[in-house]
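K.L.:
Each chain, letter by letter, is given below.
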Amino acid sequence: MIYKIMLGIGLTIIIIAGLSLPMVEIPKFWYEMPIVPGLGDKARIIFFHVPTAWVSVIAFISSLYFGIKYLRTKEFVNDIKSSTAASLGFLFCILATLTGAIWAKFSWGTYWNWDPRQTSIFILLLIYGAYFTLRSSIENEEKKATLSAVYSIIAGLTVPFFIFIMPRIVSSLHPDPIVNPQAKIHMNPTMLTIFLISLLAFTGVYLWIFILKIRVLNLILHHKMKEHE
Amino acid sequence: MIKYLIPIIALFQKDFKSEIRTRYALNALVMFVITTISIILFAIAYETPPYEILAGILWIIIFFSAMSGMARTFISEEEKNTVMTLHIITTPITVYFGKLLFNLVLLVVINCFSTVLYILLMPNFSIKSPDIFIITLILGTIGLASTSTIIAAIIAKSNTKGTLYPVLSFPILLPLLLEVIKTTKLALEGEYFQKAIPDFQVMIAYFIVITTSSYLLFDYIWKD
Amino acid sequence: MLKIEAINIKKSFGSRKIFSNINFSLNSKNILGITGKNGSGKSTLVKIIAGIITASSGELRYILSDKVLDYSEINKYYGFVSPYLQLYDEFSAFENIALISKIRNIYVDEKKIQQLLERVGLIDRKDDYVREFSSGMKQRLKYVAALYHNPSLLILDEPRSNLDSEGISIIYEIINEHKLNGSVIIATNDLEDIQICDSIIDLDKISNSK
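Protein chains in written order, with the numbering used here: chain A, 1 to 229; chain B, 1001 to 1224; chain C, 2001 to 2210.
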């Protein structure tokens, strides 16, 4: 219960603060955020778009983790966790793609321009899509669990290649506040706090849905097992 | 070493002889390449497409011909119900490397064929750095063979085999495809060999990563 | 001397349990029968014993003169015959056996293959493609494939399926001869087959008494 209340408060703070706090040239008060050159109010998307992308990556990694765990233990719970993480990751991945595309329309003038970030999220979408197509085309539950785990491992192994290849093929316009040393966005403490609360809250939402879904699926599994005995 | 090699080669010979007798894959593949290239020729008419497009089209042809031929090795065992026979007489490792070898040979044959045809028929496709092009072709072929073999093993167990194959392969093959298209373009532009070396390193790393992980994961795919 | 031990083997597909509590030990010169009505998991158990599928829990050991064999090499020690086992249609009977022994990495002895083919009555058809064979002839050929590498254990799933009376008497001869030095596992519901077994696992009873 306390968890849900905290989540609610966190998300409310982000929505109100993220959308309403003024952006000024030189922040003087605690509630003011710096203007990002060239972006203006469009920079506010960072509080909503980046966390969705972050969650979709976390979900992919945890899906991979539970997939490997399934292969080692052959316990069905792990497959349920793996596929649930993947389905949530897919959802957040779509959200990240859509919010990113809308933002790109207003900042770059086009919804899609094969920016490395767009390309990588597109590849992530493709992998998720392939993963679920594979799952839906195998009837045997054990086989489904094993093969989808194997596939996500192989897919996961190719992801590092993109990190190396993509920057060498196309140059990026994407603002990069955390990794890029020539950061275009200089966050002040206020902005950073809201951003971090947002990351935390989105991860919290993900975990909450994840735990709920696992509970439901576990109940179904137990019910089925009882029926068979 | 010999102990492992003999069964692998025996399995390869079995598939090879079977292919010679039935020509399941080869005939279809040759026709596929011819049809695709002629469609492209009709479409571009007398235009001279830029290098990027030319390089891209060549690898699209190679990708889709691999997608229509490489799955055969595992699907045919599945269809003929001989998977269990292989289970009983040999180890998963032998099966994996035997099939990889067969796919590799098939892909070498079909890639040579499509490349020669492409060079002869496509306007403006003249290779100025043959060294880059040949290494690209070799590394592209072995990378493609190793990925398509492991994905073929996965899809052979599913219900919608044929349609699933490119869907599963594409995200995995994308890094390789991006690299080979890039170096093919370099070969057309007549760049120095040095300029392609980092890309070749990526391709070699790709092959090693995919083959090693396939080797480690094949057990899970193969065992029911 | 090869000994096979099964300890508490259990198999379930997803949430559906097939069987559990399977225990047996099989010494050479013995025949073990596995019975149970359709769907009781006879073939599943046979496949687990042959290492084709893995059990959900429990242990299966092949013990050769007090040493437990590695699971990856047990296939050298058994010959397997079953209706769902297929040989390669596009090769001749002789080629099939030669091919299988090559993949098994054992020497291809033409004389021996011919002897075995003669024994099951296929010598006249040895160069014909397997796709032209009747199901009974294919079943006979599977015995050749199962016997060629001199296994200590014969695993027979429904040994008499598709065979005529002459074929059945040939396989009985094979079983009896094999029993002199090795062991046999038969999965069957045929009363005549059950009579030659030294011990029986009845899957219906095991699943009822849990």
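No wet-lab data here; the hints were simulated from the structure.
All figures in this text were calculated on a predicted structure; none of them were measured in a lab.
C-beta: ideal position from N, C-alpha, C; glycine also.
Treat the hints loosely; a few may be bogus.
Computed list of lysine to any residue pairs in SDA-like fashion (alpha-carbon distance at most 20 Å, straight line) [said to hold, decoys possible]:
{"no.": "1", "chain 1": "A", "residue 1": "Lys74", "chain 2": "C", "residue 2": "Leu2117"}
{"no.": "2", "chain 1": "B", "residue 1": "Lys1161", "chain 2": "A", "residue 2": "Phe132"}
{"no.": "3", "chain 1": "B", "residue 1": "Lys1182", "chain 2": "A", "residue 2": "Arg72"}
{"no.": "4", "chain 1": "A", "residue 1": "Lys144", "chain 2": "B", "residue 2": "Ile1075"}
{"no.": "5", "chain 1": "B", "residue 1": "Lys1223", "chain 2": "A", "residue 2": "Pro189"}
{"no.": "6", "chain 1": "B", "residue 1": "Lys1223", "chain 2": "C", "residue 2": "Ile2123"}
{"no.": "7", "chain 1": "C", "residue 1": "Lys2076", "chain 2": "B", "residue 2": "Thr1091"}
{"no.": "8", "chain 1": "B", "residue 1": "Lys1182", "chain 2": "A", "residue 2": "Ile35"}
{"no.": "9", "chain 1": "B", "residue 1": "Lys1185", "chain 2": "A", "residue 2": "Phe132"}
{"no.": "10", "chain 1": "A", "residue 1": "Lys74", "chain 2": "B", "residue 2": "Tyr1220"}
{"no.": "11", "chain 1": "C", "residue 1": "Lys2138", "chain 2": "C", "residue 2": "Asn2105"}
{"no.": "12", "chain 1": "A", "residue 1": "Lys144", "chain 2": "B", "residue 2": "Lys1185"}
Just so you have them, the derived chain A footprint on chain B, three or more residues with Cβ under 8 Å [claimed, not checked]:
{"no.": "13", "segment": "1090 to 1102"}
{"no.": "14", "segment": "1172 to 1181"}
{"no.": "15", "segment": "1212 to 1221"}
Residues on chain C that point at chain B, a partial pick, calculated with CB under 8 Å [to be verified]:
{"no.": "16", "residue": "Ile2052"}
{"no.": "17", "residue": "Ser2056"}
{"no.": "18", "residue": "Leu2087"}
{"no.": "19", "residue": "Tyr2107"}
K.L.:
For every hint, state whether the structure bears it out.
P.N.:
Hint-by-hint comparison with the structure:
Distance restraint check for A:Lys74 and C:Leu2117: the Cα-Cα separation of roughly 43 Å exceeds the 20 Å cut-off, and the hinted pair is therefore not satisfied. As the CA atoms of B:Lys1161 and A:Phe132 are separated by approximately 14 Å, the hinted pair is consistent with the 20 Å bound. Taken as a hint, the B:Lys1182 and A:Arg72 pair is broken in the structure, with Cα atoms around 39 Å apart against an allowance of 20 Å. A C-alpha spacing of about 17 Å is found between A:Lys144 and B:Ile1075, which places the hinted pair at or below 20 Å, so the restraint holds.
Annotation: proposed proximity of B:Lys1223 to A:Pro189 is violated, straight-line Cα distance about 55 Å (limit 20 Å). The hinted pair formed by B:Lys1223 and C:Ile2123 fails the criterion: a straight-line CA distance of about 35 Å is larger than 20 Å. The suggested pairing of C:Lys2076 with B:Thr1091 holds, with an alpha-carbon distance near 11 Å, which does not exceed 20 Å. With a CA separation close to 39 Å, the supplied pair B:Lys1182 and A:Ile35 exceeds the 20 Å bound.
Proximity of B:Lys1185 to A:Phe132 is assessed by CA-CA distance (about 35 Å); at most 20 Å being required, the pair is judged violated. With a C-alpha separation of about 11 Å, the suggested pair A:Lys74 and B:Tyr1220 falls inside the 20 Å cut-off, and the hint holds. Taken as a hint, the C:Lys2138 and C:Asn2105 pair is broken in the structure, with Cα atoms around 23 Å apart against an allowance of 20 Å. Restraint check for A:Lys144 and B:Lys1185: the C-alpha separation of about 40 Å exceeds 20 Å, so the hint is violated.
Residues of the segment 1090 to 1102 of chain B lying with their CB closer than 8 Å to a CB of chain A number 0, which falls below the three-residue condition for coverage. Note: the segment 1172 to 1181 of chain B has 5 residues with beta-carbon separation from chain A under 8 Å; the three-residue rule is met and the coverage holds. Judged by the Cβ-Cβ criterion of 8 Å, the segment 1212 to 1221 of chain B is covered by chain A as claimed, because 5 of its residues qualify and three suffice. A cut of 8 Å between beta carbons decides the hint on C:Ile2052: the least distance to chain B is about 5 Å, and the hint holds.
Interface restraint check: C:Ser2056 against chain B, minimum CB-CB distance 13 Å, threshold 8 Å, status violated. Nearest Cβ of chain B to the Cβ of C:Leu2087: about 7 Å, under the 8 Å cut. The hint holds. Residue-level restraint check for C:Tyr2107 is violated (minimum Cβ-Cβ distance to chain B is 11 Å; threshold 8 Å).
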